[in-house]
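Asks: If you want the building blocks of each chain, they are given just below.
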Amino acid sequence: MPSLDKMSGTEILSVGKKMFYGGFAFLPLLWLVNVIYLWPTLKRTDVPAQLRRYLIYSILGCLAWFIITTTWYALFVNKRVTWGATADRITVVIPKGV
Amino acid sequence: MLLLSLLLCLACHIHFTNAQDIATSLYPYIYTDLGTWPCVRLLNATGSVGCQSTSGTNGILYQLNTQDDIENFNQNIPTSWEQWVVVIPYGLLTPSNIQTLESSKRLSGVIAIINSTATPGSPSRPSSYSPESKCPNCEFGLYANDADQYTWNPNGNSMIYEPINIPIFALDPIDVLSATAYRQIMENLNYNIEQNYRNYPLRAVDFSLFMWAAVDSATCLRRGWCFPVGGSSVYSTPSPNLTGNDGKPIIIVSATMDSRSVFHDLTLGVENDISGMVAMFAVADALSKSPTSVASFPKHIVYTLFNGEAWGYSGSQRFVNDISTPFQCQNITGTNTCPIKGAACTQPCVRDTDFTNINFDNIESVVEFSSVAQSNASGKGFWAHTDDSTTSGSLLQLFVGQGNGTYSIQDAASDGVHRKLPPSSAQSFLKKKRSIASIVLSDFHTSLDGYYHSDYDDTLDLATASSAICSLASSAARSIWLSAQGLNNGTVPSQVTADCNLVASLLDCMTQNYSCSLIQQYYGVNNAARISHYSSVFSFGGVSLLSLFAFNFLGDKNGVRRMNGTSPASCQSITECQAHEYCIRGTCVSTLTRYHDAYGAGIGYNYGTGLFDVIDESAPTWTESTWNPPSMRVYTVTSTRHQVVELVIGILWLVSSIIIVLYLKRYLKKTLKIA
Numbered sequence: 001m002p003s004l005d006k007m008s009g010t011e012i013l014s015v016g017k018k019m020f021y022g023g024f025a026f027l028p029l030l031w032l033v034n035v036i037y038l039w040p041t042l043k044r045t046d047v048p049a050q051l052r053r054y055l056i057y058s059i060l061g062c063l064a065w066f067i068i069t070t071t072w073y074a075l076f077v078n079k080r081v082t083w084g085a086t087a088d089r090i091t092v093v094i095p096k097g098v
Numbered sequence: 001m002l003l004l005s006l007l008l009c010l011a012c013h014i015h016f017t018n019a020q021d022i023a024t025s026l027y028p029y030i031y032t033d034l035g036t037w038p039c040v041r042l043l044n045a046t047g048s049v050g051c052q053s054t055s056g057t058n059g060i061l062y063q064l065n066t067q068d069d070i071e072n073f074n075q076n077i078p079t080s081w082e083q084w085v086v087v088i089p090y091g092l093l094t095p096s097n098i099q100t101l102e103s104s105k106r107l108s109g110v111i112a113i114i115n116s117t118a119t120p121g122s123p124s125r126p127s128s129y130s131p132e133s134k135c136p137n138c139e140f141g142l143y144a145n146d147a148d149q150y151t152w153n154p155n156g157n158s159m160i161y162e163p164i165n166i167p168i169f170a171l172d173p174i175d176v177l178s179a180t181a182y183r184q185i186m187e188n189l190n191y192n193i194e195q196n197y198r199n200y201p202l203r204a205v206d207f208s209l210f211m212w213a214a215v216d217s218a219t220c221l222r223r224g225w226c227f228p229v230g231g232s233s234v235y236s237t238p239s240p241n242l243t244g245n246d247g248k249p250i251i252i253v254s255a256t257m258d259s260r261s262v263f264h265d266l267t268l269g270v271e272n273d274i275s276g277m278v279a280m281f282a283v284a285d286a287l288s289k290s291p292t293s294v295a296s297f298p299k300h301i302v303y304t305l306f307n308g309e310a311w312g313y314s315g316s317q318r319f320v321n322d323i324s325t326p327f328q329c330q331n332i333t334g335t336n337t338c339p340i341k342g343a344a345c346t347q348p349c350v351r352d353t354d355f356t357n358i359n360f361d362n363i364e365s366v367v368e369f370s371s372v373a374q375s376n377a378s379g380k381g382f383w384a385h386t387d388d389s390t391t392s393g394s395l396l397q398l399f400v401g402q403g404n405g406t407y408s409i410q411d412a413a414s415d416g417v418h419r420k421l422p423p424s425s426a427q428s429f430l431k432k433k434r435s436i437a438s439i440v441l442s443d444f445h446t447s448l449d450g451y452y453h454s455d456y457d458d459t460l461d462l463a464t465a466s467s468a469i470c471s472l473a474s475s476a477a478r479s480i481w482l483s484a485q486g487l488n489n490g491t492v493p494s495q496v497t498a499d500c501n502l503v504a505s506l507l508d509c510m511t512q513n514y515s516c517s518l519i520q521q522y523y524g525v526n527n528a529a530r531i532s533h534y535s536s537v538f539s540f541g542g543v544s545l546l547s548l549f550a551f552n553f554l555g556d557k558n559g560v561r562r563m564n565g566t567s568p569a570s571c572q573s574i575t576e577c578q579a580h581e582y583c584i585r586g587t588c589v590s591t592l593t594r595y596h597d598a599y600g601a602g603i604g605y606n607y608g609t610g611l612f613d614v615i616d617e618s619a620p621t622w623t624e625s626t627w628n629p630p631s632m633r634v635y636t637v638t639s640t641r642h643q644v645v646e647l648v649i650g651i652l653w654l655v656s657s658i659i660i661v662l663y664l665k666r667y668l669k670k671t672l673k674i675a
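Quick mapping for you: the protein sequence lines, in order, are chains Z and E. FYI, in the working numbering the residues of the first sequence are 1 to 98. FYI, in the working numbering the residues of the second sequence are 1 to 675.
Possibly wrong hints are sitting among the right ones.
Derived DEER-like restraints, expressed as beta-carbon distance ranges [unchecked claim]: (1) E/105 x Z/84: 42 to 52 Å; (2) E/344 x Z/84: 30 to 40 Å; (3) Z/84 x E/163: 18 to 28 Å; (4) Z/84 x E/404: 51 to 61 Å; (5) E/670 x Z/39: 43 to 53 Å.
Since the hints were derived computationally from the structure, they do not count as laboratory data. A virtual CB, placed ideally from N, CA and C, is assigned to each residue, including glycine.
Just chain E, with the same shape it has in the complex (with noise of 0.2 Å):
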């Protein structure tokens, strides 16, 4: 007996082994692992938005193409028990289809076809899908308490702000591993298809999408499960003598850095928000070439990218309250939970104080670059957004007066309607301030880019865009060039005009090829093609791919080249220049470039216990959430009538076995007679 009972174990043994070399090696007969985009979870003071799944779900694969494919989804699925993920266009996706799919109760997951292939635009998209607010961020704005607030996004669906408890994965095939993923389900599909979803085996997916942060920001920031929405925001100047006394009034030149969608991994932002800083660096490249050094005019010019705009104007919102209160270091000894190496002070954790050479008060102006692409414009003109007629007014007639030709710069509210500042950083300078002066170019009039704040702004016409970017940049550069020489007209130097080439590249370099030459002149970069331009999580001393661009590209031409003799002192790395200085295209230059920290105004840092609070619930909040790796594979399920007979068979099976060996048992003992 004490034999048997031995072999048992040793048998079982063995096989449990077994059972686990069997599992992993039969893994990839069953599933097909692919690459994902998934629609996350995010939070903030109220709440969370965006996609989840608290289990693993899965379905069989359905195609849904048209609105009336998902209004009669549930009387035309085959089966009533089955579970379905169906695979949508992108410009279907909207919190009211969510809904009716949702109610079926056969929902398990959506999978979005952005784009069917390499180059954007197919299959044939709306003239406009815009998955944020009718208002974006109108509620953190300068017009936040007004009660007739206009409606910037009338298109807008708000699907970013919609919380969802399925996962909703998407489709691009904008490079080797998403194309493959592309055509995985795609084949999987048309399989269904040809099956007519009833003869199985059928094709399914299985999903799992698990997001750890829950309830609301303060929530999740006290248990250390999110981060706050933000990154690195960049300002430069080209005056290197900057203070906070010296009277000159400053020039705000402004755009933003990131932009926003439902997948935050193919968040691109053609017209929003690229077009407005391609702009930015050619005003910047423009003016860099006047030949009186800008430097020396009665006024400083001062350009700011921001970062996390898209999330309640972070950036701005941080910078303006930074530079307009105070700063006061209490550089503590012992404990410090400032993460940055080398802060200029620990508590606020900054990087440099630099910042505080920056007068609010000096402010006179505020110059903004909004989409400017004109890549769906019907005229070729820009409008210039005014808060009051009055206080911008002679501003505007600068800029009105330096269009050019096709691409003129109309007064926005020439039609006599008007609207205020379409959603810009410029309202966060205004909200402190309301009689800066500010300017909001845009080539849109009345409402927002059809697809603000989407997946679909992803399609650039280079040729159209950088004429159009380039036209306005030289216009801009112009009034600037005037602005800050306290002058309304002139004759402006030939030199100070935008190079459209730059333009070119610079638009390219941003949307489609980060590893572009333009690029490389200033650091190495290897097989980074398109980046996403979500500004990501804020960490201290983090620096996106973006910001590191925006700091090289306005420190290289706001910047001061130190001089060995005749020619500018070389470098590899920033340990071969002097303090204070940076190694920007192989020489080691002086100037006044720096980062800024931006994440939620309503997020603030603990320096006791070294986690972010929620300082202020009415500021912006936006957290996001941690998960475990996403993921969406493949497989073949077989009929419910093929399962029911499978498990029959297998209990009949297990039965049979316990009575043959209870028997076998008795007849052995009888038999051998052991133990």
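So that you can see chain Z by itself, here it is in the shape it has in the complex (with noise of 0.2 Å):
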């Protein structure tokens, strides 16, 4: 691929298309690449503006699996126990002592 100051804003927007769309495919890592690797062109007068609202919904969509994911994992830390056999049948390698 060729260098981000080689591009025409309309390249750029579909790149930042492609790679929000892919990040629909349980890639929250893909949207964060998406906004650190766009975000500086928004300064160019020729990409268009809707590569922002790509961006935006991109650290939205990596927001919201952040939570999820930190829930999920603060959840399973401190209920594991709790939950008996159902949380050992999911778990990989099970803590012995605890």
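Quick one: dock chain against chain with the hints and give me the complex.
Replies: See below:
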């Protein structure tokens, strides 16, 4: 892929769009990359305004994922013992002694 | 540059291997590993008890000798930032003391001293110390639902039911290895005392006691990180043709095989269980000498020695359940999870089906020997406890009538207070059928032995104990001899008398010397001196040293020797005997003596998964955790100031080396002009 400087505004928009849709395949990090990678190009005049929208949706999606996974992690870590056999079944390596 | 980095890499490689070597070669200079007897984690349906430490802990050795020392621990420790390992007499190991020590937040472990010499009894002990509950196993007994249960163990402090998150290890110099551990700890402790706990370096101890199991029995069994507490019970009868429908009533003569204490490796239980077990052996021996064979009597005599009794009557409840419910074998073809080779039935997984010959409805009476060693009883007599004076009245009178002079047998309710049965296997029989006549013989009257289920139950006055047990066994043998013929009185042949020498040898073999000559008559044993009387964990087909002896002894006394002409058929091993015969004491013997599984009635074997499950939370469900090998090691610590100085010097050293390397690199680059 050519460097961003050599790409036209519409090409950048198309990359941003693809990465945004691609993120729906359970790839929140792709959304994060999308934002970090394309955010500086928003300053350019030839980049369509829609890109900002895709990037903001990507941030939101990424945040939503972050909240969901951390909540699950916190719940799992603290409630694993009380969930009993069900939790053991979904645990790959059961910690000893707890 | 390339050369330099290559050299550096080589250097770091050499350095790495050296570090490994240095670590292993330095280890003996830093640590002294000691043999250990830890308190470990056990679980039941609702939680866990016993000790564990999730991470390794260490602390400086500190002596606490008295109750006052423990209460003032927080004020007396010389530094407020160090962690301490306290060395206390075993008698001070109570839940409240542990709580007091833990509340200081400066406690990292406890070492409890049971004895200071190979002869038990020193240092001086409190007159009673029982880590059991005030009413042991009452929640699983006959009176579980009674509103006012009698408190049999008023001095019990429930230490064994405490979940403790610090390591507790015992010191008791009973053999060479443990004497070394004791000496090491005491030497290092005395060194610290000499240094007033202030003049560093001081001696510290490092523990590891990592228990795998957590939460409760159901959880750890599912994960495979614990095993049911239990073992093998043994039952035996002199009636070779005992069947369920021969219409003959059965007299059960019972005792308990196992004991319990804080430190399982040290569990001995001279009063509680050994004395009762020895009394039962002596009765079996006395009755085997009857001129008219007891097998021809109108009633059957069945001897039962239950295992796992300290854990909610595991052995007796399982035995009663098994003989009172119709046995249905579902021999399945295909996947078979029964681990016993040559099992009589694979589901339920049993060694044999001979227990089905004992018809529970035919059981007329239960005679049980509780603690009978007279080690610290005030009077010299024995007490006969009954559940109900009407059902057991005539049996009681028979025993009282056969009592002998100094060691008389008295009705425990003769003082007008009816306390019912003390903790005993008889409760398991009566729980199923209350109309069985029962009698529990003991040397205590109103409360259990002061060291009930304690590691202090390790002293034996062989002369007193053997004459007391011998006398009781003779009285009991005569009573049972009469009872088995439906007689209330009469002359009992003089041969039906307990052998006092046998009692003394049995006591010695069971307490101090398992490799004794009596046991050597049955099978070879090497280097087994004092063995643990903790039942240990259950495994299908597994037999402990105690069960093995019980089986051989009872089989020998109750069995019939096959005669080869005029002499008994000799054998070296069971393979030389006919089917259904055993090779006992070098002769082929046919006997109805069998092992029976003993583990909590609340635990069942899942034939699908091959794992144990909790099937009834209200019945006993004790399990023992699996663990990483526990360790206790001694090492030397320097003062905190010393350690800070070391750290600062280390950091300065590191920084200066980095600076030197950087300068050197720049200098070399300039002068040599490589790369």
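Asks: Is the hinted range of 43 to 53 Å satisfied by the C-beta distance from residue 670 of chain E to residue 39 of chain Z?
Replies: 44 Å, holds
Asks: Taking the beta carbons of residue 344 of chain E and residue 84 of chain Z, is their distance inside 30 to 40 Å?
Replies: 36 Å, holds
Asks: Is it true that the C-beta distance of residue 84 of chain Z to residue 163 of chain E lies inside 18 to 28 Å, as the hint says?
Replies: 19 Å Cβ-Cβ, so the 18 to 28 Å window holds.
Asks: Quick check on a hinted range of 51 to 61 Å for residue 84 of chain Z and residue 404 of chain E, using CB atoms only.
Replies: 58 Å, holds
Asks: Measuring from beta carbon to beta carbon, are residue 105 of chain E and residue 84 of chain Z in 42 to 52 Å?
Replies: 33 Å, violated
The structure does not agree with numbered hint 1 stated previously, though it agrees with all others.
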